[in-house]
Amino acid sequence: MSEQTGSNSERDTLTQLQSLSNSNRGITIEEIAPFLKSLPENISMPVLHALINLGSNQVGIWKSQWLFSFANSPNTTAKAESERWSNVRDKWLDLLSELAPDLRELLQRQNKLTEFGHHLTRSLDYNKTKPFKRITSSILSYLSMFMGKLGFDKIGERLYARALFPKGTVGGNL
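Residues 12 to 185, numbered by the working numbering, are exactly what the sequence shown covers, in order.
Quick caveat, the hints were computed from the structure, so don't treat them as lab data. The model shown is predicted, which means the values in this text are computed figures rather than measured ones. Please note that a few of the clues may not be correct.
Unchecked claim - With a straight-line cut-off of 20 Å between C-alpha atoms, the simulated PhoX-like cross-links for lysine-lysine are:
#1 K144 / K102
#2 K144 / K178
#3 K160 / K178
#4 K165 / K178
#5 K165 / K141
#6 K123 / K48
#7 K102 / K90
#8 K165 / K139
#9 K123 / K90
#10 K90 / K144
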């Protein structure tokens, strides 16, 4: 195993990245910048993959905060952090794709699922105390999938947004 800059080994870096990826706390790019700057220029594939996982998790956390914020006073900090993390994650994805082009599509799908998982978790938490919203969300969700199967993708997407995001939120107004 190759030694990294300073006294951190690749294994230590992977452990740190996994710990950060498992956190449900939004981390700003500025907050993690010193750690990222300490990484070597030639990043290994496992470390790149861990960085992509971290980026996807952070995009999901921040984007969820933005989409669930009130439309009349959106969380612009969350939107900006989501965009920053998305840009950084995409750069890491480009680097990994140069080394293993076949992984790109799989990782992009994984990124979307990670993002969606944050939205779904937040929606389920929101609906816990709202039985009518829970029922309505389920019906709209099934209806959106049905519309998608019929080829009405835009209508399906709008219905799914209505199912997932509360009325009056940024996501609910998409």
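> Can you give the numbers of the hints that this structure goes against, from lowest to highest?
Replying inline: 1, 3, 5, 6, 8, 10
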